[in-house]
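Here the protein sequences come in this chain order: A and B.
So the first sequence is residues 5 to 400, counted in this note's numbering.
So the second sequence is residues 5 to 400, counted in this note's numbering.
Rather than coming from a laboratory, the hints here were simulated on the basis of the structure.
There's no promise every hint is true.
The list treats identical chains as interchangeable, and a pair is accepted whether it falls inside one copy or across any two copies.
Claimed, not checked - DSBU-like cross-link-like pairs, simulated, lysine-lysine; straight-line CA separation at most 35 Å: (1) Lys388 - Lys26; (2) Lys388 - Lys255; (3) Lys317 - Lys255; (4) Lys255 - Lys30; (5) Lys317 - Lys388; (6) Lys317 - Lys30; (7) Lys317 - Lys26.
The primary structure of each chain is shown beneath.
There are 2 protein chains.
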Amino acid sequence: MSIPISRHMADMNPSLIREIFKAAQKEGMISFTAGSPSAEEFPAAELAELAGDVFARQAVLALSYGVTEGYEPLRRWVIDDLTREGIAGSGDDTIVISGGQQALDFTAKCLIDEGDAVIVEAPTFLNALNTFRTYGARLVGVPMDGSGMDMDALEQALRTEARVKFIYTIPNFQNPMGVTLSAERRRRLYELAEQYDVMILEDDPYGKLRYSGQSVPAVKTLDNSRRVIYTSSFSKIIAPGIRVAYLCAPKELVSKMVVAKQCVDVHTNMICQVLVYEYLTHYDLEEHIRLCCAHYRVKRDAMLDAAGRYFPKGVEVTRPEGGLFLWATLPEGYSGRALHERTVAAGVAAVPGAPFFADNCPNDRGFRMNFSVPSAAQIEEGMKRMGACLREFIDA
Amino acid sequence: MSIPISRHMADMNPSLIREIFKAAQKEGMISFTAGSPSAEEFPAAELAELAGDVFARQAVLALSYGVTEGYEPLRRWVIDDLTREGIAGSGDDTIVISGGQQALDFTAKCLIDEGDAVIVEAPTFLNALNTFRTYGARLVGVPMDGSGMDMDALEQALRTEARVKFIYTIPNFQNPMGVTLSAERRRRLYELAEQYDVMILEDDPYGKLRYSGQSVPAVKTLDNSRRVIYTSSFSKIIAPGIRVAYLCAPKELVSKMVVAKQCVDVHTNMICQVLVYEYLTHYDLEEHIRLCCAHYRVKRDAMLDAAGRYFPKGVEVTRPEGGLFLWATLPEGYSGRALHERTVAAGVAAVPGAPFFADNCPNDRGFRMNFSVPSAAQIEEGMKRMGACLREFIDA
């Protein structure tokens, strides 16, 4: 039969990014396409030791159905951590989820009616755009600069767009740009959300990976009128394959999200929840993060330094204080997609940035470069190749 | 602020079943409320042994991001298994998912437009009803008897209901009734689906847990016109806490489901996928299932035998050939909910069946009893208490 695909899914197609990732796996290719931490930083030995113990002492717990809100000791750990950062409230506002992506899905599911608008950073995380699209949201992009979302453009969007449900922001070391929303703009963002009575989805997977500069309090710390959904994850600081993350939001919204989660995956897998909890209680996460940051800092500096040496004038590069990415912008009139074809032929791949932009603000001049996964030697050689391509591309 | 909950989620509330499960945890209570396999059957020692090895030899694989379609060796194992049962087709029609619930969510997400109808068995799995509701589906219940869904009533529903998108069936040892859809009815079901050009969602988590009688080929084996979504799970035959299941569907639908999964949870957690695969290749799943079946058969027989001895005439009980549940029906005019209050006071809990019925066919006369989790002694004592309550309740 001809499959009657639902209206919201009919236009959704496999991401172009998948093709780019495939190209990046060719032999001899130096890839700056990753969106993950380095496998070298995974606490594999520690988890191996704990896994045997979990199955020996807590097999029934780790293998049985769990509660939808999350494994209670892990949930309590998260609440304590969020409380230290001024984020968590009463405790019944926090749940464990199956990866940070689920916070985006639940927020969309519980807030969006068809035709509602969501304001997003331009550019932003591609999978967020797609998730909001599957619920029939209109996406309104607001331009970014080196300090995050442009607040005047945000106000303009809030004033002119009908039915805005929430503003989606990645405030720390944003994906894909690597920039951080300044403290001043966070306050302005929150005031604007209050003024226009919209919610804020604050997606913070990278916040603990800071290599320089001062940390900025989460937007959620300002949340007196209870309009912020805050989410973070263990994916970037422990490992992404475990799919364990968490969110903190106004409790009446969280109770709807719990119902949504029952209908979506019942609960987050117990083995990984128990393993993560055991890791958190037996090892020093802060020390582990310090080590990760030390290694990533070196790689970030190497990539920035190489950009300075190899990239032609006219190609702008962000200077992230943390996270996994930096972002390069070509001069007016040049296409990141066209550049990508050339760099791949020259043996280096980044992610062309056009898919990261909402439809109202198309932009093909940027590309994303990951520095957490490649080695220092790969960064040096890859940036050299990239620089040669750029010079040839721009001078041509 | 007042949280602007989306229309589809506004009426969704935490399941009543949660209260029932809470009541069932009181000290001294004998609980027949479970929906899970017995923890005694979990292959915990085997998984413990494998877990150490997985982290020692395959840590990077188990901790990294995986592909959305599932860990390829596990996906291949599933395809081979489904092929042996006459279910799988080309291979690109099968993906690994994060528990069977996700098949229901993805089917609804990819097929349902607001106001579409879904035909469901009455009674059926409560979480399925709720999942379909979150996409704005109208639910049309079709009565069940000892051989599954009533096919004349199904035809009537297909003839009279507008915009039916799919029929949802649990053909083997159905939740909550324990009954199996006969081979003849499976053929009729498929013919009716063809005649009215609707799809079928075949949910088969219990199929491998057969204790007596002959197995019946899946509806999916009849799927010449490519309209069946088949899903099964490792939850009931290995362990539910791992959240690893799979589905097989027409490939253009599967490709939409992959996009949906990218937006929902990116991929199923890798540790459990690798662990399950290692278990499947290092141990004999068939032998493990034979042992589970031997144990559950004894418990099923004990519960049926006790029902014969303790339950008053007029209370009908199904005789499941497998699975986890049997279903009891009170005489006309009696309420399962009212009975539940009495049995809980008497120290035994089952699940009152009213929430398992779609709104168009309310029915409060049934209750579900699980026999896989309680011990033989608990079954005997619990059924004795239940029988005493029933006699008092019905004679009163």
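Here is what the structure says about each hint:
Taking the closest pair of Cα atoms, Lys388 and Lys26 come within 35 Å of each other only inside a single copy of the chain (22 Å); across copies the shortest separation is 63 Å, beyond that limit. Taking the shortest alpha-carbon separations for Lys388 and Lys255, neither the intra-copy value of 51 Å nor the inter-copy value of 43 Å comes in at or below 35 Å. When the C-alpha separation of Lys317 and Lys255 is checked against a cutoff of 35 Å, the pair qualifies neither within a copy, at 50 Å, nor between copies, at 48 Å. Taking the closest pair of Cα atoms, Lys255 and Lys30 come within 35 Å of each other only across two copies (27 Å); inside a single copy the shortest separation is 47 Å, beyond that limit.
In the homo-oligomer, the alpha carbons of Lys317 and Lys388 lie at most 35 Å apart inside one protomer (15 Å), although the nearest pairing across protomers, at 85 Å, exceeds that limit. With identical chains, the CA atoms of Lys317 and Lys30 are at most 35 Å apart within one copy only, with a shortest distance of 30 Å there and 72 Å across copies. When the C-alpha separation of Lys317 and Lys26 is checked against a cutoff of 35 Å, the pair qualifies only within one copy, where the shortest distance is 30 Å, while the shortest distance between copies is 66 Å.
Hint compliance for this structure: hints 2, 3 are not met, and every other hint is.
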